[in-house]
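Participant: Build the complex from these two chains, which are given one at a time in their own frames, with help from the hints.
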Amino acid sequence: MARFLVKRIVHGLAVLWVVITLTFILLRITPGGPFDRERRLPPEVMANIEAKYHLDEPWLKQYGRYLRGILEGDLGPSYKYLDRNVSDIIADTFPTSALLGILALSFALIFSLPVGLCAAATRNRWADRGCVFLATLGISLPNFILGAVLIWFFSLKLGWFQAGRWGQLSSVVLPMITLGAASFAYLSYLLRSALLETLSEDFIRTARAKGLREINVLFKHALRNSFIPVLTVLGPLFAALVTGSFVVEYVFAIPGMGRFFITAVADRDYPLIMGVTLVYTTVLVCANLLVDLLYSLVDPRIKTH
Amino acid sequence: MVFLTKRGAFRHALLLSSLLILASCNPFSRGRDEKTFRVNIGTEPPSLDWSLATDHVSFNVIANLMVGLTEFDKNLKPAPVIAKSWDILEGGRKVVFHLRDDVTWSDGQKVRAQDFEYSWKRLLNPKTASEYAYILFDIVNAEEFHEGKVTDEGLVGVKAIDDWTLEVRLKHPTSYFLSITTFEVTYPQRQDIIEKLGSKWTEPDHIVTNGPFLLSSWKHENEIQLRANPNFFLGKPAVEQVEMVMINEKTTALGLYEQGQLDFLDNHSIPTLEKPRLAKAPGFRHVPQLRGYYYGFATDRKPFDDTRVRKAFSMAIDRSVFPKILHGGELPATSWIPPGMLAHNPKIGPLYNPPEARRLLREAGYPDGKDFPRVTLAYNTDEEHKIVAEAIQSMWKRNLGVLVRLENQEWKVYLKKLQSDPPHIFRLGWGADYPDPDNFMKLFTALSGNNNTRWKNSRYDHLLELAAREMNEQRRIRLYNEAQRILCEADAPIVPLFTTAETTVLNPRYTGLEYSSMGRLVLRHVRLKESIQSPPPAARGRDKSA
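Protein sequences appear in the order of chains A and B. For the first sequence, this note's numbering begins at 1 and goes up steadily by one. For the second sequence, this note's numbering begins at 306 and goes up steadily by one.
Here chain B stands alone, though its shape is the one from the complex (with noise of 0.2 Å):
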């Protein structure tokens, strides 16, 4: 038997207590659960209110929670889901949807089509003050309804016939109205549920949905947790519960990915030097998405008034580098209309030609860009914007003598100046609500509040009005050909860089994950491989590799 003193016994217990309390930190020693899935979503959910939500993190979280009457399925149609069937009637002005009966709310009430009237009039009610108001301004009255000119809400177009069918008369045919039901913000909600909690409805112990999974908690600024739904319609996902993690630092989220401690990234937390490196681990992938980027001309303002002038710095931009620049998997584009989207035209819009770009410089008065006025691209502060602009500097004194000034400015700041005095070339972005052209195209109409460029084109307008109306899908790609020729090419009132992607990675281990490009996280069909479903217990260690 060893005897220690007494300065030696408490220096013994010293080490020993600092090795026991090293070992339980160490998040290695402990085992993990693998039926829960862990991603990080970045940042605190503004709102789990689908009729108040407007940003991606939201709508990742509640895209996971509940289901709509339909879904965009891989051709970025709008295919059934508590909607069983729809008709189209009256010429396009009136939509019948036919609900499943079989679905459930989380508290075991049957979803009906009046939780589908309920909540596209809370939409658009006033008091609501929702943003997205706007989205179902094509049905009978509802504008009406949300400037206050009608206040008996019965007078909104949007009806439940009985239990099961929903009636919508719209003002108008509107080709992309099916799309609409696809958006978040018109899923069903529960009026005696809202009216009852108030904002509070959303908080897990009150919330009821329908989706695959249930809410179980919300640390506010840390994690919420999913489990999955026993009672799904469509059945219970293969993951038993998602842990949904806010961490905001790439590099943090990036190490515990690294660690074993999440399971998927998306492009919120990789940091971009990393992704050349992160491309040759496996489950990395890029997803297309439907967001274009994309510069704009003050077509008001001296020299870009001039179209010529416009069309020469378009076709002087080597589109080609962005991908290469940014590591993100972007598809340089000429022309607006994203790919995967219906009348996309990658044919359209000007090829790099710098010779033609110089020429027609000359042409609008400036050879070699001789007595160019001094004129400013801004963007907002952002390190990939900066990349981009600086590229895009330099190809335009390369190709055409021209030295633009580089100007950035703080987010809000940034907006307030495109909405009161544009500078000469702005930067901006715009992502799809829903997959229909009609929402990426009608940006740039005259009375379009997101059109910065001030540049007006009754043809254009009219071209979109027709395609918005037109019901027969070959005679809209047609009039949106027409429109985009326009826009691209002969007004050039805008330069189409690329439409970005999504860098993703999946820890190799699981499969099933859906990153739709509307940027929407699907995790119903989330399950481990089948090779690991099974493993020797010594075996059931984290991949690091990944």
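Only chain A is shown next, with the shape it has when bound in the complex (with noise of 0.2 Å):
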């Protein structure tokens, strides 16, 4: 376990390093620098602007210091946000967008384990259709469109919930339907399709044979097995909805990560794409790790080794 363990950091420090290092040469070969403005500034200034970011340095200077930098706990200033560094920026965006992202996936997981469940029972049948629609519509619907939809619906005509304003307790749930509604709808359907796969299965069989209830057969046998290839999703979903996303932030106005995954790009905040890329592959080979230790929790046959 111990030895799983160290294997798994140390190839989890690999992926932190060959991403920092693409993503470092990626910015630096894209057209536009940070400064680069409609108002274009005169060399002198533009020269004393480069030399406070070091930006005037070679690029591999450049890469030395940022890597420098991160071993010592410092993600350098950002280049949009002038007052701010931007461990500061990730420190106050990351927890919204955890917060949101942790809802949004309870909320997948809850309403994807019954609507699974009942297609699965129900196969063919006209329950098991109207699930693999609804499972569909969530896969196809973008979330803008369906953020759009709550918010008419939901905010402006029934007034129940607030659109904008995080904070309040209305404003928490038309962005959590809208960020979980495809994870929700994808799960469901991997869900029944796992489930119907493990019911053809012969211990199933064996089990029916024995005259096991069917509610049995299904919770104690079937849903146990079935959970591989959820597990095997839930690391990258739990990566992609805690660092935010910027279509859910942008419609809903949330004070989050996942716009800078866009804004930082478009203003060429080098430091600061850099610092939300670190955050989001740190928190995928960390998830990705827990659902590796979770597999033999759900299935002893599979060991950590």
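One or more hints might be untrue.
Beta-carbon label-pair distances, calculated as ranges [as the list claims (entries may be wrong)]:
{"no.": "1", "chain 1": "A", "residue 1": "95", "chain 2": "B", "residue 2": "691", "range": "37 to 47 Å"}
{"no.": "2", "chain 1": "B", "residue 1": "379", "chain 2": "A", "residue 2": "286", "range": "52 to 62 Å"}
{"no.": "3", "chain 1": "A", "residue 1": "59", "chain 2": "B", "residue 2": "539", "range": "47 to 57 Å"}
{"no.": "4", "chain 1": "A", "residue 1": "50", "chain 2": "B", "residue 2": "827", "range": "27 to 37 Å"}
{"no.": "5", "chain 1": "B", "residue 1": "509", "chain 2": "A", "residue 2": "50", "range": "48 to 58 Å"}
Stretches of chain B that chain A covers, calculated by requiring three or more beta carbons in the stretch to come under 8 Å of a beta carbon on chain A [stated by the list, open to error]:
{"no.": "6", "segment": "349–356"}
{"no.": "7", "segment": "447–454"}
{"no.": "8", "segment": "620–631"}
{"no.": "9", "segment": "759–769"}
{"no.": "10", "segment": "818–826"}
Under the rule of at most 27 Å between Cα atoms (straight-line distance), these lysine-lysine pairs were calculated in the DSSO-like manner [claimed, not checked]:
{"no.": "11", "chain 1": "A", "residue 1": "52", "chain 2": "B", "residue 2": "505"}
{"no.": "12", "chain 1": "B", "residue 1": "524", "chain 2": "B", "residue 2": "629"}
{"no.": "13", "chain 1": "B", "residue 1": "717", "chain 2": "B", "residue 2": "432"}
{"no.": "14", "chain 1": "B", "residue 1": "524", "chain 2": "B", "residue 2": "501"}
{"no.": "15", "chain 1": "B", "residue 1": "340", "chain 2": "B", "residue 2": "834"}
{"no.": "16", "chain 1": "B", "residue 1": "476", "chain 2": "B", "residue 2": "717"}
{"no.": "17", "chain 1": "B", "residue 1": "454", "chain 2": "B", "residue 2": "432"}
{"no.": "18", "chain 1": "A", "residue 1": "61", "chain 2": "B", "residue 2": "432"}
{"no.": "19", "chain 1": "B", "residue 1": "555", "chain 2": "B", "residue 2": "629"}
{"no.": "20", "chain 1": "A", "residue 1": "61", "chain 2": "B", "residue 2": "834"}
{"no.": "21", "chain 1": "B", "residue 1": "389", "chain 2": "B", "residue 2": "541"}
{"no.": "22", "chain 1": "B", "residue 1": "476", "chain 2": "A", "residue 2": "61"}
{"no.": "23", "chain 1": "B", "residue 1": "747", "chain 2": "B", "residue 2": "382"}
{"no.": "24", "chain 1": "A", "residue 1": "157", "chain 2": "B", "residue 2": "580"}
{"no.": "25", "chain 1": "B", "residue 1": "607", "chain 2": "B", "residue 2": "721"}
{"no.": "26", "chain 1": "B", "residue 1": "476", "chain 2": "B", "residue 2": "389"}
{"no.": "27", "chain 1": "B", "residue 1": "389", "chain 2": "A", "residue 2": "52"}
{"no.": "28", "chain 1": "B", "residue 1": "389", "chain 2": "B", "residue 2": "415"}
{"no.": "29", "chain 1": "A", "residue 1": "157", "chain 2": "B", "residue 2": "555"}
{"no.": "30", "chain 1": "B", "residue 1": "761", "chain 2": "B", "residue 2": "722"}
{"no.": "31", "chain 1": "B", "residue 1": "761", "chain 2": "B", "residue 2": "721"}
{"no.": "32", "chain 1": "B", "residue 1": "432", "chain 2": "B", "residue 2": "505"}
{"no.": "33", "chain 1": "B", "residue 1": "415", "chain 2": "B", "residue 2": "501"}
{"no.": "34", "chain 1": "A", "residue 1": "52", "chain 2": "B", "residue 2": "722"}
{"no.": "35", "chain 1": "B", "residue 1": "717", "chain 2": "A", "residue 2": "52"}
{"no.": "36", "chain 1": "A", "residue 1": "52", "chain 2": "B", "residue 2": "501"}
{"no.": "37", "chain 1": "B", "residue 1": "432", "chain 2": "A", "residue 2": "52"}
{"no.": "38", "chain 1": "B", "residue 1": "454", "chain 2": "B", "residue 2": "834"}
{"no.": "39", "chain 1": "B", "residue 1": "652", "chain 2": "B", "residue 2": "629"}
{"no.": "40", "chain 1": "B", "residue 1": "580", "chain 2": "B", "residue 2": "555"}
Please keep in mind that the hints were generated in silico from the structure rather than gathered at the bench. Nothing here was measured: the structure is a model prediction, and the numbers come from that model. We put the beta carbon where it would ideally sit given N, CA and C, even for glycine.
Facilitator: Quick look at the structure:
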């Protein structure tokens, strides 16, 4: 177990290093710089700005400086938000994205379980078709459309929930549903497929032949064995949801980290892009490690080595 | 007494709690504080340090927290604020400001001339790396200090003679210098606070300001709260509190306004397609801005190296269509200096004249657009720029027989392209930093870094030099008229299209909001309308018709 953990942590660190290096190179070769403006700056002003942020140094030196900063826990200053550094920005925004992501994932898990079970238990009947339709709709409906429809109906028409003005209870519900909808649909679909496959196995036939009630067959025998594929996608899903979504944060004015995956690129805010990429990769690596550990709990036949 | 079964009790409890949650969630079920004014500023202000700020969001917050030596009046002339008067001496080479002695910082200290000297030298200091350092380069040794050629900041020509007198020495007579003192980057700063706290000095617990409002809280990426400054020397504002929320999505912001959760929206919060509908709402208006929108030609590339071709393209545009297709109150323009600014002259510039445009094109060797080279019109990716480009593309096809290719690019890629290899025709805009024509006209001098047309005209440059040093207003106007004729008629390296307007909508329960032609949101005179100030309690709901 300890050997497995050490091996996975070393793998994780290697992944982080590769991602940081690739992101650093890609940013430097992308046309346009962080201080390119419609109002072009005089050369002497630009020279002072580049000197302040060490952009006048060779790339290799900048790269070395950045890696040293990470080891010292300093992600550098933001080129856009001039009064703050990247660590402050992530500390301010990541908890909001994480909270919304956890709520959305919980929503997805809580609702996908009964829908997946119901669909599998009623295969090819109307209930199954209804569940499959719901799942297909959830997967194919872009979240900016779902968000807009939810705002229009529940916020503007009915006035039940607030859209925007994050911080009040009523402002959490709609973004949670919008963010969690696609995951809910995907997990339901996945669970249904896995359950159907498990239900056709010999040991299920044996259980039924022994006279077990269908509900016991489903919950005690089939469900546990169908969790493996769900668990596999939970790692990346968790990482994607807790690090925020640009669309959902944009539409619902949520002060989260997800928006920076787009806006920081548009602003060429190199340290902020590197910072959010680093957080995303770290969460992804940790989530995948956790999933690997959970495999052995769900199915004792899988060993962690 | 009704007895419920266990399951029934559970169901009823669930139903009751759901209703309670929904009721508590309903924003309309709560009253709201009418002394709080709520605006949407769209995004997080990148900086509240006025030496570093460069964008309108930051300046809109700063403009309500701070005042400076002067502010521009309704005629866009500098009017006294902290400076009660000034003397222009030595033929315009020296300006002495006399400061009021009753202006205080939010911590109770007096605002002194030394605070201005510190702020201006900090703006120029190479270590500050301010993007707007160049705005003060007319001051003696300012540019040299910024470049590091002069290291003794005592040699820079700004000095506090005493607590209430600020002396500025200029390299040459500078007619627009007073206008620069209206700009937020010249506001005073506290050396003790900034040197003690570093970049954290702008946080609500630390910041020291002197304006109508104080910074109460700043929830990053979410909202800023201001409260009225009871000690503001021009009088405490009528609204007790201002909430500046950061909602980027226009439809969401408009929804909140229509729910009564916001009191003011500007262009950044109003979807283009909703403008015609909102135009009927009370409190809706267009505020013309000192911001020009133009197309430039790459004058060193064929076929636009020929003046006749450039003029033909300019004359073939019917500028009256822009307000109809953009719905934003745009003012069609044929000259470059915008309305409201000194030397604005609508009589300058080519009128819409397709026959004359065709004649010029024929003269240049392209009768009815025959054999015209393949040319590209480029713009940065944006829905409104696309609408304008498509309209002009169709006008050129119809009036000249020339089909230009449209190309859009992401903003930073586009800017890089303009610097390295300008396309045949490109879109750009320009907003005034300070309300003086010098700020607009200098854009197209031979040495200007913003002149992407690569056009050069020594007479034009000379006229601008003369106008900058000319202290007589009438003579300045004549000089700018001649320069504009070269820019928009004779050489036509650019095609001015329109000056933009800001679409705004204000909750009709309030009055006194000023949205300036410089794009500044001034809230210090905002108040509830008198008829609404003491409503009966039952009438305190929000007006949803707005």
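Participant: Give a verdict on every hint.
Facilitator: Checked hints:
1. 95(A) <-> 691(B): 37 to 47 Å: 38 Å, holds
2. 379(B) <-> 286(A): 52 to 62 Å: Check passed, 60 Å falls within 52 to 62 Å.
3. 59(A) <-> 539(B): 47 to 57 Å: 52 Å, holds
4. 50(A) <-> 827(B): 27 to 37 Å: 35 Å, holds
5. 509(B) <-> 50(A): 48 to 58 Å: For residue 50(A) against residue 509(B), whose Cβ atoms are near 31 Å apart, the range 48 to 58 Å is violated.
6. 349–356: With 5 residues close enough to chain A, the hint holds.
7. 447–454: holds (count 3)
8. 620–631: Coverage by chain A is violated here, the residue count being 0 at a Cβ distance below 8 Å.
9. 759–769: violated (count 0)
10. 818–826: Our answer is that it is violated, as 0 residues pass the Cβ test (under 8 Å) against chain A, missing three.
11. 52(A) <-> 505(B): 17 Å, holds
12. 524(B) <-> 629(B): Violated, at roughly 39 Å.
13. 717(B) <-> 432(B): 25 Å, holds
14. 524(B) <-> 501(B): Holds, at roughly 23 Å.
15. 340(B) <-> 834(B): 12 Å, holds
16. 476(B) <-> 717(B): It is violated: about 35 Å lies between the C-alpha atoms, which goes past 27 Å.
17. 454(B) <-> 432(B): OK: residue 454(B) and residue 432(B) at ~14 Å, within 27 Å.
18. 61(A) <-> 432(B): Given that 27 Å is the threshold and the Cα spacing comes to 21 Å, the pair holds.
19. 555(B) <-> 629(B): The given pair, whose Cα atoms are some 21 Å apart, holds under the 27 Å limit.
20. 61(A) <-> 834(B): The hint is violated at about 61 Å.
21. 389(B) <-> 541(B): 20 Å, holds
22. 476(B) <-> 61(A): 40 Å, violated
23. 747(B) <-> 382(B): 20 Å, holds
24. 157(A) <-> 580(B): 21 Å, holds
25. 607(B) <-> 721(B): 21 Å, holds
26. 476(B) <-> 389(B): The given pair, whose Cα atoms are some 24 Å apart, holds under the 27 Å limit.
27. 389(B) <-> 52(A): 37 Å, violated
28. 389(B) <-> 415(B): Holds, at about 15 Å.
29. 157(A) <-> 555(B): The given pair, whose Cα atoms are some 18 Å apart, holds under the 27 Å limit.
30. 761(B) <-> 722(B): Distance of about 20 Å is within 27 Å: holds.
31. 761(B) <-> 721(B): 21 Å, holds
32. 432(B) <-> 505(B): 16 Å, holds
33. 415(B) <-> 501(B): Status holds; Cα separation ~19 Å.
34. 52(A) <-> 722(B): Cα-Cα ~25 Å, so holds.
35. 717(B) <-> 52(A): This hinted pair holds, its Cα atoms lying about 21 Å apart.
36. 52(A) <-> 501(B): Roughly 20 Å separates the two Cα atoms, so the pair holds.
37. 432(B) <-> 52(A): This hinted pair holds, its Cα atoms lying about 7 Å apart.
38. 454(B) <-> 834(B): With a Cα-Cα distance of about 56 Å, the restraint between residue 454(B) and residue 834(B) is violated, given a limit of 27 Å.
39. 652(B) <-> 629(B): 22 Å, holds
40. 580(B) <-> 555(B): 12 Å, holds
Checked against the numbered hints listed earlier, the structure breaks hints 5, 8, 9, 10, 12, 16, 20, 22, 27 and 38; every other hint is satisfied.
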